[in-house]
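Enquirer: Could you build the full structure based on these sequences and the hints that come with them?
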Amino acid sequence: MYDVAVIGGGVIGTSIARELSKYRLKCVLIEKTNDVANGTSKANSAIVHAGYDAPYNTLKGQYNKLGSDLYEQLCLDLDVHYKRVGSFVLAFEDEDYKVLNLLKDNGEKLGIKGLSIVDRTFILSKEPNITPEVIGGLYAPSAAITDPFGLTVAMMENAMDNGVDLMMNFPVNEINREKEYYNILSGDNRIQAKYIVNAAGVYADEILKMVDSESTFKIRPRRGQYYLLDKSADGLVNSVIFQCPGKKGKGVVVAPTVDGNVLIGPTSEDLEDKNGIETTKVGLDDVKVSASKAIENIPFYENITTFAGLRAESNLDDFLIGPYHETFYNVAGIKSPGLSAAPAIAEKVSKDIAEYFKAERNLHYNPKRSYVKAFMSMTLEEKNNMIEENPMYGNVICRCEQITEGEIVESIHRNCGGRTVNGIKRRIRPGAGRCQGGFCMPKVIEILSRELNIPQEEIVKENQGSYILTGRTKAGATCTTL
Amino acid sequence: MYDIIVIGGGPAGLAAAIEAKKQGIEKILLLERDEELGGILQQCIHNGFGLHVFKEELTGPEYAQRFMNTFHDLNIAYALNTMVMEITPEKEVHIVNDQGYQILKAKAIILAMGCRERTRGAIAIPGKRPSGILTAGTAQRYLNIEGYMVGKEVMILGSGDIGLIMARRMTLEGAHVKGVCELMPHSNGLTRNIVQCLDDFDIPLQLSTTIVDILGEERLTGVVTAQVDEHYNIIKGTEKEISCDTLLLSIGLIPENELSKKAEILLDSKTKGPIVNEQLQTSQEGIFACGNVVHVHDLVDYVTEEAENAGRAAAHYLKDIKKSKKPIEIKPETGVVYTVPQHLDYISDQVKILFRVNSVFKHHQIVIKSDDQILKTIKKNHMAPGEMMHIYLKREELEACESKLSISIGEL
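As given, the protein sequences belong to chains L and X, one line each in that order. Using my numbering, you'd call the opening residue of the first sequence number 1 and step up by one each time. Using my numbering, you'd call the opening residue of the second sequence number 1 and step up by one each time.
Hints are computed from structural coordinates only; laboratory data are not their basis. These numbers come from a predicted model, not from an experiment. Heads up, none of these hints are tricks.
Here are the simulated lysine to any residue pairs, SDA-like style, with alpha carbons at most 25 Å apart:
(1) X:K105 / L:E381
(2) X:K152 / L:Y467
(3) L:K281 / X:D229
Quick list of simulated restraints, FRET-style, between CB atoms:
(4) L:A374 / X:R395: 46 to 56 Å
(5) X:D229 / L:N183: 53 to 63 Å
(6) X:L207 / L:S292: 24 to 34 Å
(7) L:L102 / X:K240: 48 to 58 Å
(8) X:L74 / L:Q464: 51 to 61 Å
(9) X:D345 / L:I135: 46 to 56 Å
(10) X:R395 / L:F122: 51 to 61 Å
(11) X:H231 / L:T131: 21 to 31 Å
(12) X:L207 / L:M378: 44 to 54 Å
Stretches of chain X that chain L covers, calculated by requiring three or more beta carbons in the stretch to come under 8 Å of a beta carbon on chain L:
(13) 87 to 98
(14) 118 to 132
(15) 149 to 162
(16) 211 to 221
Glycine included, C-beta positions come from ideal geometry on N, C-alpha and C.
Expert: Take a look at the structure:
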């Protein structure tokens with residue numbers, strides 16, 4: 001019997017799980033798929049917004065500001081990439097200044113520091129690739145970029161280090177409330193918990209319906225499509241570039257990533273289909289046209305992948321955060337700026353729950369987690385010591401991102417370790433480079449197979465069913481392999 | 001300090017190292033990232049290699065083995081499972097293997113890293129992102145090296161040679177290859193591969209056709225094809241859904257020049273390889289390049305020829321053999337995408353200039369101009385982007401040229 005079951009392994013669910021591990025509570029995180037960070041958390045703009053955008057009197061605005069303040073220390077504690085690169089909202093017409101001033105006022109009401117309306121010269125000195133038609137902008141020095149899947153994995157890993165259980169491949173299809181606890185069912189499997197946190201992302205409305213058939217809360221996913229450019233495009237922008245929302249729509253973001261790529265998107269398309277993560281030609285073309293209004297000569301020929309993610313837009317304007325009743329807590333409709341707000345939301349939710357349980361502090365709680373040290377970031381001496389200690393560090397598997405076998409193996413054998421090809425990619429980056437796994441995927445599959453002791457045919461790319469190999473060749477079948 | 005470090009143990013690296021050794025260079029080291037020499041040839045188990053070099057038809061591994069035998073006979077040093085992480089303009093080579101991370105120094109370097117395949121992202125095919133979408137070369141590695149099949153019902157996008165070869169290979173392993181789509185109105189593969197890999201197995205080749213959507217949540221369940229007009233725009237109403245569990249991409253190769261960039265070598269935006277002179281020397285003195293790292297070749301036989309030239313040139317560089325200097329720029333003009341070399345630095349008895357055309361030309365002529373005056377024209381019945389063209393220039397023609405040559409395609 002668990003005290004608390006958190007449903008959903010995105011950045012929200014895992015952040016809450018980690019915060020809950022500060023208390024003496026027996027917690028489990030339940031995830032539908034075979035990995036955390038497998039929905040919206042793996043496909044978003046990777047921005048920690050400064051927080052001036054959402055109205056100051058909303059949860060979105062307040063948690064964005066609070067979250068943004070927590071991020072730097074959090075990423076230090078969890079050994080996750082974080083870079084405070086600042087952001088610009090660009091103005092192209094005099095009218096845009098009205099919007100910029102509104103944003104600035106709103107941000108100042110929330111206590112965001114450093115916001116300033118800047119002129120064209122300032123912008124072009126910082127961002128020489130922005131079109132000369134720009135007339136000014138709103139500069140927010142506190143905006144940052146991070147690694148959303150790295151952060152989600154880190155949250156879960158640290159939560160597990162502090163005693164939280166992780167139950168994957170557990171799509172919840174029924175919740176039954178007993179007197180003192182809930183039965184959470186997935187087919188024939190059952191988890192019992194006294195308290196449920198609903199952090200199920202785009203499926204949070206369905207989870208809520210399992211305990212309240214009358215609920216009118218509804219999530220309609222909003223799709224965002226993106227281009228991701230090769231590292232050779234690094235330097236195209238130095239900070240996060242927004243366009244002033246206006247008559248012509250909101251415009252897309254051009255942002256650097258913590259790994260040195262350039263991310264361009266998203267579109268904003270309301271869907272009914274919660275599986276609708278396909279990209280479309282129309283959507284991708286829109287991104288190109290919109291981004292090109294802000295930045296000249298974007299090297300789209302350096303594109304290495306396109307993808308789409310779904311924001312959990314609901315029929316409410318704001319986030320839905322709070323107890324539905326005394327033992328069921330909604331953290332739902334966490335659309336943008338959800339990633340930025342996650343740490344602050346998690347603090348609030350876990351405090352409320354700890355209060356409910358009158359839980360004591362977990363004295364063994366350790367907020368720190370150190371990640372697999374990137375071989376290429378080591379000094380020459382460290383590299384050689386590492387290889388001497390473990391020769392697998394001398395075997396470079398991913399030539400584009402320069403990732404060694406040692407790092408891959410280490411990313412498998414830790415709490416919340418990688419189990420799939422994309423899981424490994426999101427943790428340690430083999431296959432995230434320009435060849436997109438063309439050279440390293442066979443080796444990554446071989447390593448996963450060896451380390452997890454399962455046949456190569458059973459290794460999947462992403463979710464269950466995304467198998468890569470269909471059997472042995474005629475010659476392969478006659479070979480004896482492990 | 002090495003005389004020459006060769007980076008890459010495929011056909012280019014092997015031939016370059018062998019030739020340099022034959023020229024009397026002693027301290028040569030060849031570095032290979034894989035666990036064996038031979039490069040991509042080891043996974044090319046089909047025949048058709050060696051017709052020019054050996055006047056016989058060999059498989060890829062057989063072709064590689066002949067060079068490996070000579071290489072070993074000459075006792076040239078090499079290191080396997082060794083990745084080069086960086087080359088500096090000062091000709092320091094950073095390597096890593098299970099012995100550690102070392103920085104080696106060389107008087108000359110020969111780049112022979114080959115190329116990589118373009119991926120789905122390069123052409124931004126929209127749709128879902130299921131498993132079952134592979135580049136043809138990755139699939140080839142799975143089948144021929146690892147011994148695994150990658151699918152049962154197969155579509156192929158792009159008529160590059162690896163795609164054609166894999167159409168046949170997958171068929172022989174029991175898969176159903178439903179068709180090959182090619183965006184261009186002509187195939188990019190060798191004619192013999194169209195005949196032997198598609199026609200002989202009744203695999204349809206659909207020209208002016210591309211893939212506009214990818215279907216399937218987890219594993220690929222199908223693709224949507226559509227025809228394109230002469231501007232490569234999709235013709236509405238021609239969309240067709242084809243069920244398949246595998247999509248192989250054979251949509252082009254890109255020279256792999258991440259190391260060249262670190263060595264601050266100038267690259268050609270068209271070839272995506274280093275700009276070289278007739279000695280295959282890059283913009284960094286003493287760093288040479290050959291094979292698919294310079295530009296993508298049609299046949300390995302031509303890689304071998306180019307690599308031998310690079311090996312010889314590197315040896316001459318080390319021996320400081322004096323040549324008469326004469327810089328001549330070579331410009332690709334109408335109808336020509338690029339030339340290799342891109343410029344000449346020295347006068348020799350004869351120089352071979354390779355180039356690619358930008359579309360199919362029937363009954364046209366190659367026009368070579370020297371300082372804007374027509375030097376000569378060469379009639380050609382057939383030229384296509386998939387077939388590398390070449391011309392020879394003789395000593396007297398080079399001596400007569402002031403500073404600029406150009407190659408273009410003209411009507412007869």
